[in-house]
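The listed protein sequences derive, respectively, from chains A and B. The first sequence begins at 1003 in this note's numbering and counts up by one. The second sequence begins at 87 in this note's numbering and counts up by one.
The set of hints was computed from the structure by calculation and includes no laboratory data. It cannot be assumed that every hint is accurate.
On the chain A side, residues computed to face chain B include the following (Cβ under 8 angstroms) [as the list claims (entries may be wrong)]:
| hint | residue |
| --- | --- |
| 1 | Gln1036 |
| 2 | Gly1045 |
| 3 | Leu1091 |
| 4 | Leu1101 |
| 5 | Gly1106 |
In silico lysine-lysine, DSSO-like type, Cα no more than 27 angstroms apart, as pairs [claimed, not checked]:
| hint | chain 1 | residue 1 | chain 2 | residue 2 |
| --- | --- | --- | --- | --- |
| 6 | B | Lys153 | A | Lys1070 |
| 7 | B | Lys130 | A | Lys1003 |
| 8 | B | Lys157 | B | Lys138 |
Distance ranges between label pairs, derived from CB positions [as the list claims (entries may be wrong)]:
| hint | chain 1 | residue 1 | chain 2 | residue 2 | range |
| --- | --- | --- | --- | --- | --- |
| 9 | A | Pro1016 | B | Glu168 | 39 to 45 angstroms |
| 10 | B | Val98 | A | Arg1074 | 16 to 22 angstroms |
| 11 | B | Asp104 | A | Glu1017 | 45 to 51 angstroms |
| 12 | A | Ala1012 | B | Lys95 | 22 to 28 angstroms |
| 13 | B | Asp104 | A | Leu1021 | 41 to 47 angstroms |
| 14 | A | Arg1057 | B | Thr145 | 21 to 27 angstroms |
| 15 | B | Asn103 | A | Thr1047 | 42 to 48 angstroms |
| 16 | B | Asp124 | A | Asn1020 | 30 to 36 angstroms |
| 17 | A | Ala1081 | B | Ser151 | 25 to 31 angstroms |
Glycine residues also receive a C-beta, built at the ideal position from the N, C-alpha and C atoms.
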Amino acid sequence: KQEVTQIPAALSVPEGENLVLNCSFTDSAIYNLQWFRQDPGKGLTSLLLIQSSQREQTSGRLNASLDKSSGRSTLYIAASQPGDSATYLCAVRLGYSTLTFGKGTMLLVSP
Amino acid sequence: DTAVSQTPKYLVTQMGNDKSIKCEQNLGHDTMYWYKQDSKKFLKIMFSYNNKELIINETVPNRFSPKSPDKAHLNLHINSLELGDSAVYFCASSPLAGGGLGETQYFGPGTRLLVL
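This is chain A alone, in the form it adopts within the complex (with noise of 0.2 angstroms):
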């Protein structure tokens, strides 16, 4: 059974650091990785999709990394916003399944 696990649960920065949240899967045999942001009380926003063959997806300040072998990802935000301060969840995809969601990481970015 897929576990995805995040590392680590919550995050606090000042502004304008750079900043890495890891995202860990037991099975590697999955087609895609997804990482979404949550905002309090609202749904899931799609950051960033890397497919099974990727390494790596970038979009604005954020990079995410894939290593399919070890069964790890990254999510990279460069220069933290406050407007940055989120719950990041990672998802992995298996097959024919859905999506298997970690718990997530809390990230605080102050001013």
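Add chain B to chain A, keeping to what the hints say.
Relative to chain A, chain B alone:
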């Protein structure tokens, strides 16, 4: 226009009642999902429908019955509500079902259910 919408946004009800949550997507997607996020913020899949047909049904009590009148709608009916049903329920959609396809899932804003 909201891509994936859910109603109601908040739902407070007594134990034992029956309630429904509605979901609509205007993205033309073929596949829709229901997820439950519990008090520990853990998101888990409940159901998945592809073109109005149930394709995934995780271990969910049969008090939960999804219904898809057309591929743009997926409603969730819950019978005999229990305290443990209190959670946030998210609807989502994606263009296609099946593995090997890199489609993104689009989530609704969630329905916050509180059972008293």
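Status of each hint after checking the structure:
1. Among the interface hints, the one on Gln1036 (chain A) holds; its C-beta lies about 7 angstroms from the nearest C-beta in chain B, closer than the 8 angstroms criterion.
2. Annotation: interface hint on Gly1045 (chain A) holds; nearest CB of chain B at approximately 4 angstroms, less than 8 angstroms.
3. Here the hint on Leu1091 (chain A) is kept, as its CB sits about 7 angstroms from the closest CB of chain B, short of 8 angstroms.
4. Taken as an interface hint, Leu1101 (chain A) checks out: its beta carbon lies about 6 angstroms from the nearest beta carbon of chain B, inside 8 angstroms.
5. Look at Gly1106 (chain A): its Cβ gets to within about 6 angstroms of chain B, closer than 8 angstroms, so that hint holds up.
6. Between the alpha carbons of Lys153 (chain B) and Lys1070 (chain A) the distance comes to roughly 36 angstroms, so the proposed pair goes past 27 angstroms and is violated.
7. Under the criterion of a C-alpha separation no larger than 27 angstroms, the hint pairing Lys130 (chain B) with Lys1003 (chain A) is consistent with the structure, at around 13 angstroms.
8. Restraint check for Lys157 (chain B) and Lys138 (chain B): the C-alpha separation of about 5 angstroms stays at or below 27 angstroms, so the hint holds.
9. As the Cβ distance of Pro1016 (chain A) to Glu168 (chain B) is approximately 44 angstroms, the hint placing it in 39 to 45 angstroms holds.
10. A beta carbon spacing of about 41 angstroms between Val98 (chain B) and Arg1074 (chain A) contradicts the range 16 to 22 angstroms that was offered as a hint.
11. A C-beta distance of roughly 48 angstroms is found between Asp104 (chain B) and Glu1017 (chain A), which places it inside the suggested range of 45 to 51 angstroms.
12. Distance hint check: the CB atoms of Ala1012 (chain A) and Lys95 (chain B) are about 26 angstroms apart, consistent with the given range 22 to 28 angstroms.
13. Restraint check, Asp104 (chain B) to Leu1021 (chain A): a C-beta distance of roughly 45 angstroms satisfies the suggested window 41 to 47 angstroms.
14. Distance hint check: the CB atoms of Arg1057 (chain A) and Thr145 (chain B) are about 35 angstroms apart, inconsistent with the given range 21 to 27 angstroms.
15. The hinted window of 42 to 48 angstroms between Asn103 (chain B) and Thr1047 (chain A) is violated, with their beta carbons roughly 32 angstroms apart.
16. Between Asp124 (chain B) and Asn1020 (chain A) the C-beta distance comes to about 32 angstroms, which sits within the given range of 30 to 36 angstroms.
17. Our hint of 25 to 31 angstroms for Ala1081 (chain A) and Ser151 (chain B) is violated, since their Cβ atoms are close to 48 angstroms apart.
Figure legend: structure checked against the earlier numbered hints; hints not met, in rising order: 6, 10, 14, 15 and 17.
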